[in-house]
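Please assemble the complex out of the two chains, which come individually in their own frames, going by the hints.
Take a look at the letters that make up each chain.
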Amino acid sequence: MTGFFTGKWSSYLAGGVVAFLFLLSLYVLDDSIGFSDPYLMISSYCERSIESGRLANPPPIDWQTVFLGGILIGALGAALVGGEWRFRMISDSEGKGFFPSIGATIATGIAGGFLVMLGLQLAGDSFLGQWSSAIQLSTSAWVFFASLLVWGIVITTIASAIRRRNAAAAPSESEKKK
Amino acid sequence: MHPLHLDGTYKVVAAGLLGVAFGFLIVKSKIAWRKTLVDQLFLKNTHFMKTFLASVALGAILFHFARQWGLVSYHARPLFPWGAITGGLLVAAGLALCGQVPSSAIAAVGAGRLHALLVLVGMLLAMPVANAFSRWFADTVARWPDPVNLDPTLDAMFSNATPFWIAGLALAACLFLEFTTSDSDDS
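Residue numbers (our numbering), protein chains in the order written: chain A, 1222 to 1399; chain B, 422 to 608.
Since the hints were derived computationally from the structure, they do not count as laboratory data. Here the structure is a predicted model, which is why all the values come from computation and not from measurement. Ideal Cβ placement from N, Cα and C applies to all residues, glycine included. One should not assume that every hint holds.
[As the list claims (entries may be wrong)] Between beta-carbon pairs, the in silico distance windows are: (1) Leu-1276(A) x Asn-570(B): 49 to 57 Å; (2) Arg-1275(A) x Phe-597(B): 51 to 59 Å; (3) Ile-1323(A) x Trp-565(B): 36 to 44 Å; (4) Ser-494(B) x Thr-1227(A): 30 to 38 Å.
[Claimed, not checked] Some residues of chain A that are not near chain B, with every Cβ distance over 10 Å (derived): (5) Ser-1270; (6) Gly-1274; (7) Arg-1275; (8) Leu-1276; (9) Pro-1279; (10) Thr-1326; (11) Ser-1368; (12) Arg-1385; (13) Arg-1386; (14) Asn-1387; (15) Ala-1390.
For reference, chain B alone in the conformation it holds in the complex (with noise of 0.2 Å):
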């Protein structure tokens, strides 16, 4: 078995069916709305870290076997510590003010919010500033040896059981969640 690996129109349809989708879960999941994921960084309401969780309890395993049948194949960055860190710290600060990523921010003018076009204006002028910023940073930050040796996969870190103990400690994590915080139902 292998993956499918549309190409040309069959590939531009799929992706467009595959985002309508996405799309419908993003609204449903609550992602799209900006007090979804300013409250979950004020750690008020925890839904998105619980959507999270879910998915990673659900996903590593079936990823896990997917590949294993030949499913799927392995399909992300190379690993940079110093950019994942620093990006993490400026997405955090993006996100405490605007409430949005680029997906949600999309969605929610698809509901209606319109001032979300205003997050969408910001990330179109950051593109050129970030094209620049990354030339600089490929010069600076990213020649700094990296603070621990890494594996780029965490199964390749520590074992092939690693899926499940992931699944285990995100269902536990999960389940702790929602036994000790509450959920709103704003939007």
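In isolation and in its complexed conformation, chain A is listed as follows (with noise of 0.2 Å):
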């Protein structure tokens, strides 16, 4: 039992649960899973906040809040009880050296998650909303994530082929040598 929560979980068993979770949010809450509008409330807060040049009245707390809140100390114990919790500052997978990696983790950090949000407030649904719905046979859920996947494989392909000519006309270290 205690490797349930301190092993590594097979995507079988995380596809379980994932499916039981989210059956279980339809029973309880009766609503749909989704943070678009905590997010709504957040943004709104800084830009006030902002605007006026001091802290503005905080936000109300709703459940979809409260539920962005858990997933923070859920991710917290699961982290720490599986030895997974590392404090890093930089992505690990960035480029190498330091301010390249920084530059990058800023870049992509902020631009990538710039789209994902603008892409799913344009799907009407956030990633777990549509994922939620995916079970439910929602055939936007079903166009959502088809389309995900086919510009995901374009995209990839475009930027590995671009990675790739990169390499290609970088002269290589022994031909720097010389």
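Written out as structure tokens, the structure is:
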């Protein structure tokens, strides 16, 4: 039983737990999981605070905001009991060297987050909301995931081709030494 | 039988507990790590796809019976194909860059990866733009005719047996990936 909390989960176990939690949420809350509203509240709170130059009245706490806080606490707990908690200011998978890593982490983080949220808003639901809708066989969610997969493959294929071309164009280490 | 449909403080407490469970799950299923979703897009690692397919295989059948017994009701956004298609394009581009969705970014921060805060900043910056953009979108793209005639749910479009064959296809795809691809345990 302890292994369930501390060990690594297979994709099948994770998938089963996802399905169970989505069903439980639908039963208990009788509502779709999603957190566009708290993001919108926090965003407009930041906007008001910046405009007025002081902290504005904090937004009201509703169930979706508490759900967000719960995710943070649950992730902290899982990372601690599983020995996966690591303090990282820079993503491990960014470019080598200190400054390139910082630059890449900031640029990819902000630009990527911006595009993801813009896309989710256009698609009309959060990622977990789309996932829950896919389980409910919502056509919209399936169109979204099909689009995500197809565009994902197109974008990563183009990115890989550009990376390969740049690598081929750059002089190799042995050529540099010469 | 009917859904519990909690309200007020009970709903807030239940949502908090469900959030904790989801946060735990997001870390355990590796979705919190940037690498999982980026490698999925580059088809280097299929862990996320298998998790998704396994959840659909079980969830579609559970939802079908739970709905028949009146335990849950249908809660999904209305069908808007152009929004889903363009949304999928933007999310794919964003994922290729940052490898995070809103829930996984929050979980990553909880797990100590403070660089995910930048992703959250990007997401917060997108909200006012999304509002302005959605108004323009509603006046233009939303008025385009749907590419094909679609019903709001797959079982309405095909038959009542749809959850079973969707579950079968998802399981078959999952097993195909299991035997043809490999997963790494990097985080």
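Here is how each hint holds up against the structure:
1. Between Leu-1276(A) and Asn-570(B) the beta carbon distance is about 51 Å. The supplied range of 49 to 57 Å therefore holds.
2. For the pair Arg-1275(A) and Phe-597(B), the beta carbons lie near 57 Å from each other, so the given range of 51 to 59 Å is met.
3. Take Ile-1323(A) and Trp-565(B): their Cβ atoms lie about 42 Å apart, and the range 36 to 44 Å holds.
4. Distance hint for Ser-494(B) and Thr-1227(A): a CB-CB separation of about 36 Å, consistent with the stated range 30 to 38 Å.
5. Against the 10 Å criterion, Ser-1270(A) stays outside the reach of chain B, whose nearest CB is about 12 Å from its own CB.
6. Separation of Gly-1274(A) from chain B is adequate, the least Cβ-Cβ distance of about 18 Å exceeding the 10 Å criterion.
7. Here Arg-1275(A) stays apart from chain B, with its beta-carbon at least about 19 Å from theirs, past the 10 Å limit.
8. For Leu-1276(A), the shortest C-beta to C-beta distance to chain B comes to about 16 Å, beyond the 10 Å cut-off, and the non-interface label holds.
9. For Pro-1279(A), the condition that its CB be more than 10 Å from all CB atoms of chain B holds, with the nearest at approximately 15 Å.
10. For Thr-1326(A), the non-interface assignment is contradicted: its Cβ lies about 5 Å from the closest Cβ of chain B, within the 10 Å cut-off.
11. A beta-carbon of chain B comes within 10 Å of the beta-carbon of Ser-1368(A); the shortest separation is about 3 Å.
12. Its beta-carbon lying about 13 Å from the closest one in chain B, Arg-1385(A) satisfies the requirement of being farther than 10 Å from that chain.
13. A cut-off of 10 Å between C-beta atoms confirms that Arg-1386(A) is not in contact with chain B; the least separation is 17 Å.
14. The non-interface label for Asn-1387(A) is consistent with chain B: the shortest C-beta to C-beta separation is roughly 16 Å, beyond 10 Å.
15. A cut-off of 10 Å between C-beta atoms confirms that Ala-1390(A) is not in contact with chain B; the least separation is 21 Å.
In summary, the structure is inconsistent with hints 10, 11 from the numbered list given earlier, while agreeing with the others.
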